[in-house]
Each structure stands twice: as structure tokens, then as C-alpha cells.
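Fit chain B to the given chain A structure using the hints.
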Amino acid sequence: DPKIIQKPKYLVAVTGSEKILICEQYLGHNAMYWYRQSAKKPLEFMFSYSYQKLMDNQTASSRFQPQSSKKNHLDLQITALKPDDSATYFCASSQDLQQNTLYFGAGTRLSVL
Amino acid sequence: GDSVTQTEGLVTLTKGLPVMLNCTYQTTYSPFLFWYVQHLNEAPKLLLKSSTDNKRTEHQGFYATLHKSSSSFHLQKSSVQLSDSALYFCALRETSGGNYKPTFGKGTSLVVHP
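Residue numbers (this note's numbering), protein chains in the order written: chain A, 390 to 502; chain B, 215 to 328.
These are computed hints drawn from the structure, not numbers from a lab. One or more of the hints may lead you astray.
[Stated by the list, open to error] Heads up, simulated DSSO-like pairs for lysine-lysine below, C-alpha to C-alpha not over 27 Å straight-line:
no., chain 1, residue 1, chain 2, residue 2
1, B, Lys-320, B, Lys-263
2, A, Lys-429, B, Lys-263
3, A, Lys-396, B, Lys-259
4, B, Lys-315, A, Lys-460
5, B, Lys-315, A, Lys-442
6, A, Lys-430, B, Lys-315
7, A, Lys-396, A, Lys-471
8, A, Lys-392, B, Lys-263
9, A, Lys-392, B, Lys-315
10, A, Lys-392, B, Lys-320
11, B, Lys-315, A, Lys-408
12, A, Lys-429, B, Lys-259
13, A, Lys-396, B, Lys-320
14, A, Lys-459, B, Lys-259
15, B, Lys-320, A, Lys-429
16, B, Lys-259, A, Lys-398
17, A, Lys-398, B, Lys-315
18, A, Lys-398, B, Lys-320
19, A, Lys-460, B, Lys-259
20, B, Lys-315, A, Lys-429
21, B, Lys-315, A, Lys-459
22, A, Lys-442, B, Lys-259
23, A, Lys-430, B, Lys-320
24, B, Lys-263, A, Lys-430
25, B, Lys-259, A, Lys-392
26, A, Lys-396, B, Lys-315
27, B, Lys-320, A, Lys-471
28, A, Lys-396, A, Lys-460
29, B, Lys-259, A, Lys-430
The shape of chain B in the complex, shown without the other chains:
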């Protein structure tokens, strides 16, 4: 079955530093990858998504590139802000194969200090 593996646990950074949250996946079918962000006591919401190989997608200063050759979709930002402190989920959906259930990673908690 499909699976998603993320940088586990907690990532702590000082404001202004770059960050990369790792996401790798396994699927037999053509993938659609997502990053969702969940701030404290809020619902998860879409941050960015991609199904195009080797094309960078960006939103709100975050960016990621889907690399099908390495089954990766790492989330990056060049300079984190205090407001980026949140829980980040990488998710996978198949675009074919008949299994459209979204598969989420376990989440990575990002804490940004002043």
C-alpha cells in the first residue's frame, strides 16, 4: 500500500534560518503530493501541492519540488518566521489505480524561536 515518511518529531529553529522538512513516499501509481499545515488548535489546511515531476511549487514563502526519481517532496523555506511554528503534514494521493484515499505522514512539528 501507499505510505509517507516524514522527518519525525520536533524541529526547532531560530527565526530567520532556513528549514527543510523531509518527505518521502511509496506508491505503485502516479502520485499527487501535498503539504498541509496545522497551527495550534486549528484545522489542517493546504500549504502546497504538486503532481508534476521536477517542478518547484511555492506558496507563502514555502516551496517544494516533487522528485519522482527519489520519491521525495521535501518542504523548504529560506527564512522561517515565528508564525511558521506549526505541525506540518506531508500527504499522498494516487491519481490512478483506484485508491484515492489520502495517506498522511505522521507530521513534523516546527517550533521557531525568536
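Next up, chain A with everything else stripped away, as it sits in the complex:
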């Protein structure tokens, strides 16, 4: 059974729209992350959360907003979508922010037309 669930697996959106990518982890981890993967920038760090608090934000655009409603949830809201946002978005977690191994979800592949 997958321990990190990402929904949806595939997502097609039109330019200018808004989407939410869902991530839930059942590993009991306290730290969660979002990464983006595209042909241009493999595994680009976006955000890290620890105990539902934002710890690091490497995303230049405010169009990307993480949302943590529960300790094991870290959703990603993307507004005013652009074709350049097309990528696979991976959610990951680790026991704590200092705990070294990352565990990744299967990813959400986003295509913006």
C-alpha cells in the first residue's frame, strides 16, 4: 500500500485556472515537502513543512501556496496557471526536518494548456 498518497495522478488545466494538488502521508512523519520535476529542472525543491509550519520556501512565485490542514496533509494550491507550470509535482516526507531520508509519493503530472 502506498504510504504517501497524491491526488490526482494526472491533471490537465487551462491557462489562468486554479488547481489544488493533494498529498497525504501515512508514515507518521512530521516533515513534509513539495518538489517539482520538469525536463528543465529535475527535482526542484519548493517547500518544506515541519509540524504544519512552513520552514523553507524556495518558490519565487506567490501563485504556489502550500496548505496544511492536518499534520499528515500538505496540499499545494496553484493559481493563475501558466504553461510553464507543467511538470510532475512530488510530495515527500521525512520523520523530522533533521531526519535525513526522504520518502516520495507517486507524483501528480500537471499539464497546463
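Below, chain B without anything else, positioned relative to chain A:
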């Protein structure tokens, strides 16, 4: 800031041959190094990791040794298989210094031919 440099692009090999994928890093603090493997249309997953200087770590036939003197953590395998075709990422985390954000290299694509 921290950085990781890998063998770039594509490495193509015939099954049964040895492989070495290079990884060097830069950090001011004590490092923890990782290799992640990502097969086609799958999520990256941990292959092996180390924070101990000059100690070889092995998993699934792959091995690497962290050399702090040369800031390297090269991934090796003595005989590659078709199933080893994948994207390989070297990653770095600090174990001190307060910046625990994982830093990934750009990835090396390994293609193994029959």
C-alpha cells in the same frame, strides 16, 4: 550555499559492464549524502546513503563511499543489468548548520542495453 554536481546527461552501457556515476558536493557543514533512483514513471526512492567518511555503503549491488577529503560520493556497480536503467540523483543534507533542506543534483540518466 550547498550544491551537488553529478555526471550530467546520459550514460549508456551494455549489460554486464561496470558503471560509475560521479557525484561531488559543496557544503560548509557536516554532510549526509544520498543516492536516489527513479525508474520511468515512478517516484524517486532511496538507493543508499552515508554520512561516514571512507566507509563503503552497499545496496542492491550498488555501492558508494563518502570521501570528505575530495567531497565525493560516486555511485558504482560492477555489472549493470537492464533493470538498472533509470534516473539517478545524488543528494546532500547538512547534519548541522540549521539548513536541512535536501539539495539534489541534476540527475544522471542510465540506459543499459542488452
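Hint check results:
| no. | hint | in the structure |
| --- | --- | --- |
| 1 | B:Lys-320 to B:Lys-263 | 18 Å, holds |
| 2 | A:Lys-429 to B:Lys-263 | 26 Å, holds |
| 3 | A:Lys-396 to B:Lys-259 | 19 Å, holds |
| 4 | B:Lys-315 to A:Lys-460 | 19 Å, holds |
| 5 | B:Lys-315 to A:Lys-442 | 14 Å, holds |
| 6 | A:Lys-430 to B:Lys-315 | 17 Å, holds |
| 7 | A:Lys-396 to A:Lys-471 | 20 Å, holds |
| 8 | A:Lys-392 to B:Lys-263 | 21 Å, holds |
| 9 | A:Lys-392 to B:Lys-315 | 22 Å, holds |
| 10 | A:Lys-392 to B:Lys-320 | 26 Å, holds |
| 11 | B:Lys-315 to A:Lys-408 | 26 Å, holds |
| 12 | A:Lys-429 to B:Lys-259 | 21 Å, holds |
| 13 | A:Lys-396 to B:Lys-320 | 26 Å, holds |
| 14 | A:Lys-459 to B:Lys-259 | 25 Å, holds |
| 15 | B:Lys-320 to A:Lys-429 | 9 Å, holds |
| 16 | B:Lys-259 to A:Lys-398 | 18 Å, holds |
| 17 | A:Lys-398 to B:Lys-315 | 25 Å, holds |
| 18 | A:Lys-398 to B:Lys-320 | 24 Å, holds |
| 19 | A:Lys-460 to B:Lys-259 | 22 Å, holds |
| 20 | B:Lys-315 to A:Lys-429 | 21 Å, holds |
| 21 | B:Lys-315 to A:Lys-459 | 22 Å, holds |
| 22 | A:Lys-442 to B:Lys-259 | 25 Å, holds |
| 23 | A:Lys-430 to B:Lys-320 | 7 Å, holds |
| 24 | B:Lys-263 to A:Lys-430 | 23 Å, holds |
| 25 | B:Lys-259 to A:Lys-392 | 13 Å, holds |
| 26 | A:Lys-396 to B:Lys-315 | 24 Å, holds |
| 27 | B:Lys-320 to A:Lys-471 | 23 Å, holds |
| 28 | A:Lys-396 to A:Lys-460 | 17 Å, holds |
| 29 | B:Lys-259 to A:Lys-430 | 18 Å, holds |
Comparing the model with each earlier hint shows no violations; every hint is respected.
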